[in-house]
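Enquirer: One-letter residues, chain by chain:
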Amino acid sequence: MQSDLLQINALTVTLEDQTPLLNGIDLTVKKGEVHVLMGPNGAGKSTLGNVLMGHPDYRVRAGSIRFDGQDVTLLSTEKRAKLGMFFSFQNPEEVSGITLENFLRTAKSSITGIEENVFIFNLKLKKIMESLHMDPLYAYRHLNVGFSGGEKKKSEIVQLLALDPRLAILDETDSGLDVDAVRIVSQGIRQFHTPENSLLIITHNTKILESIPVDRVHILVKGSIVASGDVSLIKTIEEEGFAPFVGMGGEVDES
Amino acid sequence: MKAEKTRFDEMDLSRYDFINEDEPAFRVEKGLNETVVRTISKEKDEPSWMLEHRLRSLKTFYKVPLPVWGPNLDELNLDEIITYSRPDSGMNESWESVPEGIRDAFDRLGIPEAEKEFLGGVGAQFDSEVVYHKVRKEVAGQGVIYCDMRTALREHEALVKKHFMRLVPPSDHTFAALHGALWSGGSFVHVPKGVKVSIPLQSYFRLNAEGAGQFEHTLIILEPGADLHFIEGCSAPRYSVINLHAGCVELFVGEGARLRYSTVENWSKNMMNLNTKRARVEKNGSIEWVSGSFGSHISMLYPSSLLVGEGAHSEFTGISFAGKGQILDTGTKVIHSSAHTTSSVNTKSIAKNGGHCITRSEVIITKAALHSKATISCESLMLDSESRSDTIPAMDIRSEDADIGHEARIGRISDKAIFYLMSRGLSEGEAKELIVRGFAEPIAKALPMEYAVEMNTLIKMEMEGSIG
Numbered sequence: 040m041q042s043d044l045l046q047i048n049a050l051t052v053t054l055e056d057q058t059p060l061l062n063g064i065d066l067t068v069k070k071g072e073v074h075v076l077m078g079p080n081g082a083g084k085s086t087l088g089n090v091l092m093g094h095p096d097y098r099v100r101a102g103s104i105r106f107d108g109q110d111v112t113l114l115s116t117e118k119r120a121k122l123g124m125f126f127s128f129q130n131p132e133e134v135s136g137i138t139l140e141n142f143l144r145t146a147k148s149s150i151t152g153i154e155e156n157v158f159i160f161n162l163k164l165k166k167i168m169e170s171l172h173m174d175p176l177y178a179y180r181h182l183n184v185g186f187s188g189g190e191k192k193k194s195e196i197v198q199l200l201a202l203d204p205r206l207a208i209l210d211e212t213d214s215g216l217d218v219d220a221v222r223i224v225s226q227g228i229r230q231f232h233t234p235e236n237s238l239l240i241i242t243h244n245t246k247i248l249e250s251i252p253v254d255r256v257h258i259l260v261k262g263s264i265v266a267s268g269d270v271s272l273i274k275t276i277e278e279e280g281f282a283p284f285v286g287m288g289g290e291v292d293e294s
Numbered sequence: 006m007k008a009e010k011t012r013f014d015e016m017d018l019s020r021y022d023f024i025n026e027d028e029p030a031f032r033v034e035k036g037l038n039e040t041v042v043r044t045i046s047k048e049k050d051e052p053s054w055m056l057e058h059r060l061r062s063l064k065t066f067y068k069v070p071l072p073v074w075g076p077n078l079d080e081l082n083l084d085e086i087i088t089y090s091r092p093d094s095g096m097n098e099s100w101e102s103v104p105e106g107i108r109d110a111f112d113r114l115g116i117p118e119a120e121k122e123f124l125g126g127v128g129a130q131f132d133s134e135v136v137y138h139k140v141r142k143e144v145a146g147q148g149v150i151y152c153d154m155r156t157a158l159r160e161h162e163a164l165v166k167k168h169f170m171r172l173v174p175p176s177d178h179t180f181a182a183l184h185g186a187l188w189s190g191g192s193f194v195h196v197p198k199g200v201k202v203s204i205p206l207q208s209y210f211r212l213n214a215e216g217a218g219q220f221e222h223t224l225i226i227l228e229p230g231a232d233l234h235f236i237e238g239c240s241a242p243r244y245s246v247i248n249l250h251a252g253c254v255e256l257f258v259g260e261g262a263r264l265r266y267s268t269v270e271n272w273s274k275n276m277m278n279l280n281t282k283r284a285r286v287e288k289n290g291s292i293e294w295v296s297g298s299f300g301s302h303i304s305m306l307y308p309s310s311l312l313v314g315e316g317a318h319s320e321f322t323g324i325s326f327a328g329k330g331q332i333l334d335t336g337t338k339v340i341h342s343s344a345h346t347t348s349s350v351n352t353k354s355i356a357k358n359g360g361h362c363i364t365r366s367e368v369i370i371t372k373a374a375l376h377s378k379a380t381i382s383c384e385s386l387m388l389d390s391e392s393r394s395d396t397i398p399a400m401d402i403r404s405e406d407a408d409i410g411h412e413a414r415i416g417r418i419s420d421k422a423i424f425y426l427m428s429r430g431l432s433e434g435e436a437k438e439l440i441v442r443g444f445a446e447p448i449a450k451a452l453p454m455e456y457a458v459e460m461n462t463l464i465k466m467e468m469e470g471s472i473g
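Residue numbers (this note's numbering), protein chains in the order written: chain A, 40 to 294; chain B, 6 to 473.
Fair warning: there could be bad hints in the mix.
Unchecked claim - Only pairs whose alpha carbons sit at most 30 angstroms apart, straight line, appear in this in silico DSBU-like list of lysine-lysine:
id : chain 1 : residue 1 : chain 2 : residue 2
1  : B       : Lys167    : B       : Lys288
2  : A       : Lys118    : B       : Lys421
3  : B       : Lys288    : B       : Lys329
4  : B       : Lys450    : A       : Lys165
5  : B       : Lys47     : B       : Lys35
6  : A       : Lys246    : B       : Lys450
7  : B       : Lys338    : A       : Lys191
8  : A       : Lys121    : B       : Lys167
9  : A       : Lys165    : B       : Lys47
10 : B       : Lys421    : B       : Lys121
To be verified - One-sided excerpt, in silico: chain B residues whose CB lies under 8 angstroms from chain A:
id : residue
11 : Gly199
12 : Ile418
13 : Tyr425
14 : Leu439
It should be emphasised that the hints constitute simulated quantities derived from the structure, not laboratory data.
Beta carbons are placed, not taken as given, at the ideal position from N, Cα and C, and that holds for glycine.
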């Protein structure tokens, strides 16, 4: 279908040593949609996010990932980013020797193939940071080095907005944040969300979803999606936890 | 990386690897013997004390065994080395009068251009002799002497005789003895009392001849209160046979004087770089070593500081980058022999493609060195599992109240960081280069800007070589 942005078909993933992680995942995100992936600890949510971005530790044993009609299952991480996929990390790395600004400008130029104008890029970046209540001086500090947990998460959202991809996969971007920071991050997410841009939000916490228009919710248990539904699923989880779904797990066991 | 474009980026990346075909005017036969030593001395028309020094050094050389520690030096066969090769050029004070072929070589290395832009004086050595030496009028006007060693020996004999190989005596080790017997070329600097030289001086050493040795001697004397930044550069084209570099650097830093000695070394990968550098620092004087080792097949290089005066200070900032077939055994040694002396050592090493980095740091605090302070930090990064990094710290503390800090870190390049950077659209090569550059950044910051850019270019070249 034309408007499918991300199509995951029967995706089965293991570690190199065959340890099973994901089992026959089917999930389709259309352009402009917001999907939420929830599930108990260890279900494989972060794994799925990493696999979508092409993490080298994971092996796709069956199935495929398509992005905007193109099969990206075997594509390098760099090329996926260039196509417009973005992954926000749960624990963003600290990289010294390059400032956040220089890094983002380099990355943006690399993605678009057009050298970014330093002056204009800096102005844009400053605007983005101010909109997220982040001190613009952080742009001139080394990438995430010495940033607090909250600043690192904000830095991820700054990167999302600056690189302007088409699909954002957010891996617990809200975890470990105080109420104000959660609100700012969720505002950043709304800023990113357009009829063309889609999100796959991995979270434990329903707080961040309050002000975001969620289209679909998927419950991942033991490497399989055991339930998918509309936003009302969130309410079920809020009231009953994951217990009603846990028994529904697939063939992947945790041993 | 699409970093800011610089003139270094636009240069041919093989800019060090070209051979000048000009025949030398004179060269000695291969190998080492008394006749060779006498021939060199005669060629140079030296005072007799220097010939005696050479002959004594040769005797010492035969007595002192090769170091029993460090990399294996079996590949070095002195019988195959041409120890003196004089280019077909005298000493010149303008580039126009340097023979075209040699001038072209230095043009390609960017020396005359750098001279115009940011240097106060330049020396350029080709094989065994210096072919160009010039110091800016305003620097010369301050009373600064900057010339080649041959001229120094002729015009400032007393000063040379007083200092020559007093810090590094020929008996120190095999290659000091070899140097004492065979030395030729190098630069001499004398900065008078209280004179501050605001722009750096640079000597560049190019070894062009195949199977040759270079034994230049650099002697720098800073009178009390003087201030100087001296830059040393070196390179050579690549040959399939072993070349030898056994230079010697002696730095005398007077009371309250400050000397910064920066080196970006990019010898070709058939070079045995067995160089000795030493500084003696008087009361409240300061030596700052900045040392970048990128080239050579095998290096053994440990610039040392003798802090002899109260309050003397030494700072060593070093980086080495060993790739395939390279063993870079580098580091530093500091001897605190007076009270209130301070030193800091900060090294980074990077090994890739089976390269081997060894970092030695030795700090000695004598009984007399009361209230002295030393900090050492050594970091290593290995880019793959075939590469090797060793960090060998040694501390000999004989004073009760010394304040010592030591930190060593050896790590592999983080796969997580690479994945993180790639997820933002960088290629694997760009991501690795960025991480290595970040690791090297504190050292790059210590270099003059032009050299920081050159160092980044070298890292880029090395990284491109390592990624298929």
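Enquirer: If a hint holds in the structure, say so; if it does not, say that too.
Expert: Tested hints:
Between B/Lys167 and B/Lys288, the direct Cα distance comes to roughly 20 angstroms. Compliance with the 30 angstroms bound is thereby established for this hinted pair. Only pairs whose Cα atoms come within 30 angstroms are accepted, and A/Lys118 paired with B/Lys421 is accepted, the gap being roughly 17 angstroms. Between B/Lys288 and B/Lys329 the alpha-carbon distance is near 44 angstroms, which puts this suggested pair outside the 30 angstroms criterion. About 26 angstroms separates the Cα atoms of B/Lys450 and A/Lys165, which keeps this hinted pair within 30 angstroms; it holds.
For a cut-off of 30 angstroms, the pair hint linking B/Lys47 to B/Lys35 stands: about 17 angstroms separates their Cα positions. Between A/Lys246 and B/Lys450, the direct Cα distance comes to roughly 45 angstroms. Violation of the 30 angstroms bound is thereby established for this hinted pair. For a cut-off of 30 angstroms, the pair hint linking B/Lys338 to A/Lys191 is broken: about 41 angstroms separates their Cα positions. A hinted pair counts as satisfied when its Cα atoms are at most 30 angstroms apart, and A/Lys121 with B/Lys167 does not qualify at roughly 66 angstroms.
In summary, the hint linking A/Lys165 to B/Lys47 is not supported, as the alpha carbons are separated by about 70 angstroms, beyond the 30 angstroms threshold. The straight-line distance between the Cα atoms of B/Lys421 and B/Lys121 is roughly 45 angstroms, outside the 30 angstroms bound, and the hint therefore fails. Hint on B/Gly199 is violated. Least Cβ distance to chain A is approximately 39 angstroms, over the 8 angstroms limit. Restraint check, B/Ile418 versus chain A: the minimum CB separation of about 11 angstroms is more than 8 angstroms; hint violated.
Annotation: interface hint on B/Tyr425 holds; nearest CB of chain A at approximately 4 angstroms, less than 8 angstroms. Restraint check, B/Leu439 versus chain A: the minimum CB separation of about 6 angstroms is within 8 angstroms; hint holds.
In summary, the numbered hints that this structure violates are 3, 6, 7, 8, 9, 10, 11, 12.
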